[in-house]
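Kindly produce the complete structure, drawing on both the sequences and the hints.
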Amino acid sequence: MRSDYLLSQLDVLEAESIHIMREVAAEFERPALLFSGGKDSIVMLALAEKAFRPANIPFPVMHVDTGHNFPEVLDFRDRRAAELGVRLVVASVQESIDAGRVTEETGRWASRNRLQTVTLLDAIEEQRFDALFGGARRDEEKARAKERVFSFRDEFGQWDPKNQRPELWNLYNTKIRRGEHIRVFPLSNWTELDVWAYIEREGLEIPSIYYAHERQVFERDGILLADNPYLSRGDDEPLFAATVRYRTVGDMTCTGAVESMAQTVQQVITEVAATRITERGQTRADDRTSEAAMEDRKREGYF
Amino acid sequence: MDILRFATAGSVDDGKSTLIGRLLFDSKAIFEDQLAAVERTSRDRGEEVTNLALLTDGLRAEREQGITIDVAYRYFATPRRKFIIADTPGHIQYTRNMVTGASTADLAIILVDARNGLTEQSRRHAFLATLLRVPHLVLAVNKMDLVGFDQQVYEQICDDFCGFAAKLEIGDLTFIPISALLGDNVVERSANMPWYDGPSLLHHLEHLHIASDRNLIDVRFPVQYVIRPHASSDPELHDYRGYAGQVAGGVLKPGDEVLHLPSGFTTRIHAIEMAGQPVSEAFSPMSVTLLLDDDVDISRGDLICRPNNRPSAAQDIEGMVCWMTADRPLTPGARLIVKHTTRTVKGRVTDLHYRIDVNTLHRDETATQLGLNEIGRARMRLTQPVFADPYSRNRLTGGMILIDEATNSTVGTLVITEAR
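As they're listed, the protein sequences go chains A and B. Sequential numbering from 1 applies to the first sequence in this note's numbering. Sequential numbering from 1 applies to the second sequence in this note's numbering.
I should point out that these hints are in silico values taken from the structure, not numbers from a laboratory. In this text, all values refer to a predicted model and were calculated from it rather than measured experimentally. One or more hints might be untrue.
[Unchecked claim] Stretches of chain B that chain A covers, calculated by requiring three or more beta carbons in the stretch to come under 8 Å of a beta carbon on chain A:
(1) 26 to 40
(2) 388 to 402
[Claimed, not checked] Pairs of lysine-lysine residues, derived as DSSO-like cross-links and limited to a Cα-Cα distance of at most 30 Å, are as follows:
(3) A/Lys50 / A/Lys175
(4) B/Lys346 / A/Lys175
(5) B/Lys253 / A/Lys50
(6) B/Lys346 / A/Lys162
(7) A/Lys175 / A/Lys162
Backbone N, C-alpha and C fix where the C-beta goes; we use that ideal spot for every residue, glycine too.
Dropping the structure here:
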């Protein structure tokens, strides 16, 4: 029983996210939620479940599968979607490559990270989605810190950071023309620690690779990458066994692991609270291309 | 742990980035790789001191031009509180960004350079913060180190500001002398200013009482979404009809008699649910679902309140408009889409009473239009009523955004002074 009318920071963030999700469900015709099986999208899906209970989640979930994802995470994705009874749309980068829509990068730094944008935009057009929930947070990256909660995308899926719609109070402008869409970020004001604290509080299940496990890895550019068939390893990049966990979960070719002994959510929180390096800085090779790598990809329509 | 949202107003010259950098750094919210990246960029650009503004200026254009264009949100936490900073650019051409950042802020920090004293800019920031009813204001007199930590300088600035503030409706005002660069009175009390007996800035942010800033008196529940589990296999849910929304004011409890607008029908709250679980009360900013005793035809855009305390069902709106587009000016006769709580209607500007000079507060009654970043008092006539309160009574039922019918852009905002 509350008598002081105080809410914890997680309660306030949860209430804000649920308001955002209901606003989308009320004002758009064909929304969808981007679900990768990563921790942020797991929290987002849990919030969607809460927002519409006891009814089912009134929109499908979509995953852009690079073909280079962790099998543990794909299993989790499929199981979670089945449990909730939501329709799962999988947009495949491999199919985009096979159809000649994009060209596979080659060489040691080859990644399908950037190709995802084309697959994503094609799927949005094909499915005629008019709003897409993404799990991006403003504390992740400096370009994301500038983005609106309801972020307008033109008919080419492009973001124009200099011409964003002002966003006041809890009033969101949802007006678009046909062919345009809005990316919606219900976790905008959550931090990495908030996400972990919420996972702990709600007892949310997460894929096993978020906990410490032994794995064959090699080091490249200061990042520990998993041994996997999609990366060509140089002679100067020997494999070794390490006890690691993942702090973020993306494509195997650009997501690094961190050395860790954390077996429980509480232990992960302790490690995250003590770390002096950002999650993307520690584990994402895709942000290292340039100072504005994220802004540039976002302009093209990236997540 | 609760959340305090604050906006910082000021320009790079006032030391705003240094102040934010220090708050983030001292609360360990700046990570080593972020700092390393900023140091590298500063060095590459031939700057002698690490430019902490690069931490918040996230866009390519901002970094190239060395200016802050848009609101950036930054996060840090201490054991007592989580903080969300809306870092807003200070220059007059970004008035709309400050208005945006201030709309949700519990507190605004206005930075003043002790060497220059109050400027037009500081007066404008104070005016905008009070226009948006930011409940708490801090005037941080910065660069005290550059005036020899002189008490007289500080007190003169405080006196000047009080003279100006008398013309504004400021709820709570605190003055703090600081040196963002050296850290005096930012996190720790300064040893250089023994004459100052107030708290450090961070101490003030951590201990400020904000729970009472919400309206817990006037029950306002804009209906956002109707939950009907159509295809449910559970027969108990066949008649389930939940009204979902975020509480905008007051405290709701099961058993309370409530009134529905626009119908005027009264009923009682049968139950309140949060994520499918019953809760004993709901208040702002909780997102909940109401179940009512009677079947009433209720849809999105309606409002639930108490029978003896209702907002105006208003088609004539008076208020202060901040115009946010350069595409076209606001002129009497302009047709706009209006979004107010969960209700979207159309409207026409019938009068522009005056334009206010945001630096001097002078009212220009001869004005015939409002351009980008200009603020004025206007009247609108709406095609349908909205359920509105004066903004001074409730920020959520007293604010509206204005959308261009042709471009779909958000072109302005209106804070309601009178609704009929």
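**Report entry** Unsatisfied constraints (hint numbers, rising)
**Finding:** Hints that this structure does not satisfy do not exist here, as all of them hold.
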